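Peer 1: These protein sequence lines map, in sequence, to chains F, C, E and P. Residue numbers for the first sequence follow the working numbering, beginning at 1 and rising by one. Residue numbers for the second sequence follow the working numbering, beginning at 1 and rising by one. Residue numbers for the third sequence follow the working numbering, beginning at 1 and rising by one. Residue numbers for the fourth sequence follow the working numbering, beginning at 1 and rising by one.
Derived from the structure by calculation, the hints contain no laboratory data. All values derive from a computational prediction rather than experimental measurement. Incorrect hints may have been included.
[Unchecked claim] Calculated lysine-lysine pairs in the BS3-like style (CA-CA distance at most 30 Å, straight line):
(1) E:Lys193 x P:Lys97
(2) P:Lys66 x E:Lys97
(3) P:Lys97 x E:Lys100
(4) F:Lys103 x C:Lys246
[Said to hold, decoys possible] These stretches of chain C come out as covered by chain F in the derived footprint (C-beta under 8 Å, 3 or more residues):
(5) 123-130
(6) 268-278
(7) 350-363
Even glycine gets a Cβ: it sits at the ideal position worked out from N, Cα and C.
4 protein chains.
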Amino acid sequence: MSTENERELAQGEEVASADRRGFLRTAGVSGATALAGAAYGKFALAPVTPAQAAGSGSPPKLSEQKWWPSKWGADDEAGASNHMTPAKVLESIRWIKEGKVYKLGHDYESGMPLFGKRAFTLRIIGGPTGGPFGENRLVYHDEFLAAEIGQVGTQLDGLGHAGVQMAGAGDKSEMRFYNGHAASEFSDAYGLKKLGIEKCKPFFTRGHLVDMVPVKGRMMEPGEEITVADIRSALQKQNMQEGDIKPGDAIFFNTGWGRLWKQNNDKFNSGEPGIGLEVANWVIEKDLCLTGGDTWAVEVVPNPDKTLAFPLHTALQTQHGIYNHENLFFDGLIADKKYQFVYIFTPLPIVGATGSPGVPIGVV
Amino acid sequence: MSTENERELAQGEEVASADRRGFLRTAGVSGATALAGAAYGKFALAPVTPAQAAGSGSPPKLSEQKWWPSKWGADDEAGASNHMTPAKVLESIRWIKEGKVYKLGHDYESGMPLFGKRAFTLRIIGGPTGGPFGENRLVYHDEFLAAEIGQVGTQLDGLGHAGVQMAGAGDKSEMRFYNGHAASEFSDAYGLKKLGIEKCKPFFTRGHLVDMVPVKGRMMEPGEEITVADIRSALQKQNMQEGDIKPGDAIFFNTGWGRLWKQNNDKFNSGEPGIGLEVANWVIEKDLCLTGGDTWAVEVVPNPDKTLAFPLHTALQTQHGIYNHENLFFDGLIADKKYQFVYIFTPLPIVGATGSPGVPIGVV
Amino acid sequence: MSTENERELAQGEEVASADRRGFLRTAGVSGATALAGAAYGKFALAPVTPAQAAGSGSPPKLSEQKWWPSKWGADDEAGASNHMTPAKVLESIRWIKEGKVYKLGHDYESGMPLFGKRAFTLRIIGGPTGGPFGENRLVYHDEFLAAEIGQVGTQLDGLGHAGVQMAGAGDKSEMRFYNGHAASEFSDAYGLKKLGIEKCKPFFTRGHLVDMVPVKGRMMEPGEEITVADIRSALQKQNMQEGDIKPGDAIFFNTGWGRLWKQNNDKFNSGEPGIGLEVANWVIEKDLCLTGGDTWAVEVVPNPDKTLAFPLHTALQTQHGIYNHENLFFDGLIADKKYQFVYIFTPLPIVGATGSPGVPIGVV
Amino acid sequence: MSTENERELAQGEEVASADRRGFLRTAGVSGATALAGAAYGKFALAPVTPAQAAGSGSPPKLSEQKWWPSKWGADDEAGASNHMTPAKVLESIRWIKEGKVYKLGHDYESGMPLFGKRAFTLRIIGGPTGGPFGENRLVYHDEFLAAEIGQVGTQLDGLGHAGVQMAGAGDKSEMRFYNGHAASEFSDAYGLKKLGIEKCKPFFTRGHLVDMVPVKGRMMEPGEEITVADIRSALQKQNMQEGDIKPGDAIFFNTGWGRLWKQNNDKFNSGEPGIGLEVANWVIEKDLCLTGGDTWAVEVVPNPDKTLAFPLHTALQTQHGIYNHENLFFDGLIADKKYQFVYIFTPLPIVGATGSPGVPIGVV
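Bound conformation, chain F alone (with noise of 0.2 Å):
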């Protein structure tokens, strides 16, 4: 795509080497590196306990155990969207007290910052497409759409998307995703055969935000990792109560970085603030059932584990079946002093696609 191959050639190998393909790439090498002589059961993955989510002492790792069958079936392909239940409808309803809706992401547009080689072209075809027809004199415009389009904008990551190579180096023989799904199974060039995004039920939720930029007093910087300590001064100063955050809710974190869209894209795709593994256990063990962010991956990139490359990708997603909304927006949530909200956001049923663009609304 013209995207990166411009991009490099403007700006040389510093800039490409720091963008998203960059960090996969070095996470590749330096990985390649420290594994020798690992072994391959070293990367078995396991759920998260209470008492790791608690953390002390040492950084908490990513699970090395067996992560399936998930706990919403063996055969689950929704994940933590099987938490909206009409239960769950009637206790967000309640926090709707104004009527007000927020508009919690960007706009589509090609301007927009896009990740590796990723595409969006969009054309009007014909002026007009067709007509005029009738004594009425109909005439109409269509567009045409080429893009990665549950991977570009503001977008759900489907439980399709990110999985584990069980093997080392080359052997794709075994990849594994949510609930165990196999690539061998399902991965197919006209779409995914499980584990579509159409999978994924309609989000009604109650959504909490976290925003760090009032507890750092500044944006966070990439590679920047947000604690469970900071979670909890972010609460506080937003008079909130952690014990307010219930199993199958929501949680979303302003880091600032999402200031950078548009205005420096370059930088905002070379890395990013984010949680860190620790808040991925405390969001597992609060089974909520998304994470959200104003930023690419919501997670903390480069991670602080330099061997480890996008690790809450493989903790929620692969090994729990949580969510990831990226590059969210939250400016009028934040200005408005609203940090709890109606999360409503239903994917767009692509069936066998990865992932699904579209912006949430957030209703107080």
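Position chains C, E and P relative to chain F; hints supplied.
Peer 2: What follows is chains C, E and P alone, placed relative to chain F:
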């Protein structure tokens, strides 16, 4: 696009002439014939008056007066989505008593009916697209979609979609859309400069479903018009009051035609039952924000007045900025006898797009 | 893709199971059954020896030996296009006596037959795309195409297109292509890193056309194999000498099947007559650069050996780097009884593409 | 498209305003200013007379007369490709003495310069796309491309690409192209109904290369015009006779600007040296079939007459049906001092496309 061509090859002219484009062509031709000698002024279009809406005697006509400026302001691009206010949200949520969420649209897939030459082409790129990265050996899938994204499947027409060529024959020098916006000012090969779907506000309002199947005792037929009397019959059967349909609400029609979805796409596309100009005037008088249905145009096709092509698109969208949600799916609501619900839908805000895909939810 | 789905809806399983993918599935299933207990070593593949090519007695087998390194060098990616040399050009142009140029392929359009789920979607963007600019008020049109560009219509298969999975069942850990190049090294979501069509040298060589229609007295049928004896009969009818077919030349087969193009696409795709392993060995022995035909695979489909799927793609392209030009059109040559011509074709050098569209010319 | 946007973000207005669209806009604005009070009749365009071509005194003007019907017939859509005849082929091949084949274009890849908002997005689908099938366990790769296929990279402009808006300002009611074909009759969202690139005949003619770099002693600069005198100087240096350039031949210009390809795409796109109206008239008088060059428009940009935008596209393509081959590559020919060669190119015949990608060959 291969779809239509193969279809034409397979089915011959009869079916091809019966699809949407067929109707358009037919209407164009008969319109042209009928137009012989007709003055340009005939189609100056005008707002509906209550008197017109009341109907009686002769069938309702498409307004012939200039339709701008809009009541929402001379620069407005949001049309009837301006009805969305905090008060409307608060009014709506009173209808949420069970917390049940219904998906009101279809999944997007290659087997769905597509109008004319529209395409929907999904590919998964690579296998996987990337990875493994890091010691966690993360791999991932991306999809790539090429499609008339806002005009396929369950979709909302934006106000930049349908307009009117003001002069006759081949003269495209003046094409007007909602609020008089002129194609010469906003039609652009890389996205509409005005009236893009991103201008439409998220819908969060009360939805009223009119189920015609029990009224008729059968699936309605192509060209069969839903009248105001039909609506009243349905409301009575459903124990609903017409007076309860308020400005800014949305109204939906179930004709049974949607059962052909993926079962007989050619028949589905060959025409449809739906509302006509009488109901259009009723909708305008009621000052609703949106119409929707289980068909691809919501309005009756062909129109009883064979000289007109999709006149409700002209009357509702172009002249009054009232949105239209096509290819909806009401089976769940109907099974539960839920005819009143909260309709929630946020269009996918692709800047400059002509419409939006996406599945709205109905909440009760 | 909608094409296949609509086709399946319209025609039912019989036809669907008879298209290319149908054959693939059938072959896969029967192959899997037949494979039960088969050792991996069985499919070590080997070069053809003259003895094998001579045939006689039992039918020819697909070589079972390792097919690399290539005779063109262990790193070679150009295969039999290496035959293209100045000497070959000078030898070829001796055949140009009239200066007449024949287009040997079809135009690209939405009504052409497409295999499986492949798509071809052309749009003109804007109307016009840009302008007016300057006092000369220049306006212009651009088109936008979304397609499996190297695998639709008249097309040349590149050497990165067809390969062999070395191990059984779902084990994709070792997939080898021409010259032993491994998918694990070159398959990439953004373009093949080796064996891209840009590595193929422009063809400028002598082409020999074998017209089977006069030999058979009719259009050949699906599954009907062209034998070496058939070739000899055709050459005799055409007053040509087998000995005149020299290393680096190209050979073409007209079966009559191409008359179904756009006339009955479903039948066209449902199978085809063509060359089998006997002729493949003859082609390999003759050391030709390319085979071509008026069908979508050039080889007989289904193969008389029902356990094999497109074995000539394996024998010729994968094992020997001999190219295949599909969906050609010879009517002009045949009408003028021109069976020997200069075949000139430069593949569209899209870096990392699997094949090339484009119409070769035959010059006499 | 993301390309342009990111470029604009990165580089600011200076560079953006200097790219092709920048020029277009500038020309549009200055043109508009200059046009104040200009009569429509000014741009009735006319054939060039030898007197005009001779030049002298005032600079040549763009013809102001009606340019149709074409000398190739009132219905002709093939333009100067009608020069391609058996006689021309026979005349050409006399130049083939060594049998050496030169590729005269660039590979297509994401890093190549793209004008304006054009896109080129290649994906490999699946990994592999299909298989394994049969006991031979055949697997295969397909690619998917989304691009302005006829207007990216090395490309030939078709006669449906550039036209003229006959009236001023926003009046698109009459836009004329080659041979007077009107956009109102052939411009269509799904492919041009006339003047599609499939109407262009395969080129097989004599090519003459004019290398300006030795004449100037350097790479030429943007806005620097190649004159007829320059051509004569180059021919003399190259030991060629102007009289040897015959009707139906093709002429090519090497400016050195092509060295920026992939090295500095922004500078490459920011303007270019090339031929002006004087040489256009010389080309028309010589009755050539095609111009080509190592730049993206072949003509000088900006034109010395700042009121004109790409006037050679108007003069050569629109008014005379003479083709233009852009972004060629002559390094091989120049290294071998081969300035006369057989130019062979068959446009990719996509029905209704505005141009063709593809690499021509030069044979000596």
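Peer 1: Each hint: holds or not?
Peer 2: Cross-check of the supplied hints:
no. : hint                : verdict
1   : E:Lys193 x P:Lys97  : violated (36 Å)
2   : P:Lys66 x E:Lys97   : violated (41 Å)
3   : P:Lys97 x E:Lys100  : holds (20 Å)
4   : F:Lys103 x C:Lys246 : holds (25 Å)
5   : 123-130             : holds (count 6)
6   : 268-278             : violated (count 0)
7   : 350-363             : holds (count 12)
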